[in-house]
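**Student:** Note that the protein sequences, when read in sequence, are chains C and G. Be aware that the first sequence starts at -10, since it is given in our numbering, and climbs by one per residue. Be aware that the second sequence starts at 64, since it is given in our numbering, and climbs by one per residue.
None of these hints come from the bench; they were simulated from the model. On a predicted model such as this, the values are computed, not experimentally measured, just so you know. A virtual CB, placed ideally from N, CA and C, is assigned to each residue, including glycine. One or more of the hints may lead you astray.
One-sided excerpt, in silico: chain G residues whose CB lies under 8 angstroms from chain C [to be verified]:
no.: 1; residue: Gln215
no.: 2; residue: Val222
no.: 3; residue: Ser301
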Amino acid sequence: MPQTVPSPVPATVIELVDVNKWFDKFHVLKDINLTVGLGEKVVICGPSGSGKSTVVRCINRLEEHQKGTIHLDGVELTNDAKSIASIQGEVGMVFQQFNLFPHLSVLENLILGPMKARGLSRAAAIERARHYLERVRIPEQGDKKPAQLSGGQQQRVAIARSLCMEPKVLLFDEPTSALDPEMISEVLDVMVELANDGMTMVVVTHEMGFARKVADKMVFMDEGKIVEQASPDEFFANPKTDRCRQFLSQILQH
Amino acid sequence: MKKNFLALSLLLVLSGCAASNVTWGWYVIDPTTKTGWINVKFLISGMGQTILISVIAATISIVLGLVVALPGQSSRRWLRILNRIYVEFVRSIPLLPMLFWVFYGLPIVFKSMGLNIPIDPFWGAIITLAISDSAFTSEIYRSGIQSIAKGQKEAAQTVGLSYGQTMRYVILPQAIRRILPPLANQFIYIVKMSAFASVIGMQELTRRANELVVTEYRPLEIYSLLIVEYLILVLIISAGVRWLERRMGSDERT
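Whenever a hint applies, use it, and build me the whole structure from the sequences.
**Tutor:** Set out below in structure tokens:
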């Protein structure tokens, strides 16, 4: 649906301007500027500790930034209750550790948000949940507890759980880093499908094959700064900084 | 081995008894004699009051503890400070002075505010036990809530749940398994501490024993029975706690 946006420049969904953040004295984010358009897929990579997860966590307000502005669909993120309410559930998030609710069944994991935050009836929420479970290709696991599923299945449930909120944006924080190698592709396949369906996505990952396949924009971060921002073709063929070149050569060797 | 040791100790004590010129007065609590039976009935008759004030105080403490614990988890600093002040303050007051303050002092405070609220020994004991215990139950809640991984709260937030909903549907159902056993343990503490209620005239186990000691002047025999009464009560609760722990532990992951 968002792929058929009439204007040539897609509407901006996320806009970060000069965002700075400190953990106590430690300056984690330095003057981050990033725009994500409707339907755009942005892949953020960089060495560990470079602040890439923190950027994503600032976008859905799991972390607070101290300087600069973040706009989400035109609404500025502040501590204002109205601002917080307006983004709650609008920005989906897929975590490295899945963070499924272990005491609830898969189906209950999926319907909790739609029912409690969106006010959907149980029947409607279940219908929606089944639809998205089908989409992540585990329609038959609804009654199981998360611990009974494999890591790859758990992460796909987590994706379905985010989708059930029908968010404007889906954020991924190293979604495959905690998975056994043979399960990575089943999760990436689902993500590629989502991307092809026009979902706006910001993905922190080291999966460069995935990045090449879906990214509209590559972002390379190091020491809290965005060092490079480019289209994937340019980014992989012609990295501009030594730091980025070094990083790419290291992760592409594998 | 253990049995032999017990038998030997008993023999030593008894022979010591026989050799000394102390006259034993076990007859005062010998249920086979008429007066003995009346005395035993009199002593046991305090059991109902002990159980009643313990159960009511524990119930209040369980609710109050949660009310105290939740602000301690807040992101607002002043709420956390309020929680710390309550816990540190209440925890540091010995039970007996607090009991005196509530029973003798609180009615005067009420009077100064133009309220005529008398405090009888029953409610004086319950209020004191509940408040004193709530500092501990709130700490039990705190450690239970904190034992749930931070990712659970974050995941709940990203599916749009409010703070209250997150607690109710995600955190507390998981924390309850770690909270219940120590909470039940805390009940034992209340039962034992309820003995202090005797000093403000509460007709419970200890008070009954004291009264009988005054008329019979057989402190050793009567207090021995008193100890046995508490022992039986606590053993029953302990058995309940162990049963609870087994049940809680067994379905941890399914």
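**Student:** Now tell me, hint by hint, if it's right for this structure.
**Tutor:** Now the hints, each set against the structure:
Hint status for glutamine 215(G): holds, given a least beta-carbon distance of 6 angstroms to chain C, under 8 angstroms. The closest approach between the C-beta of valine 222(G) and any C-beta of chain C is roughly 3 angstroms, which is under the 8 angstroms cut-off, so the hint is satisfied. The interface hint given for serine 301(G) is broken, as the beta carbon of that residue sits about 27 angstroms from the closest beta carbon of chain C, more than 8 angstroms.
In summary, the structure is inconsistent with hint 3 from the numbered list given earlier, while agreeing with all the others.
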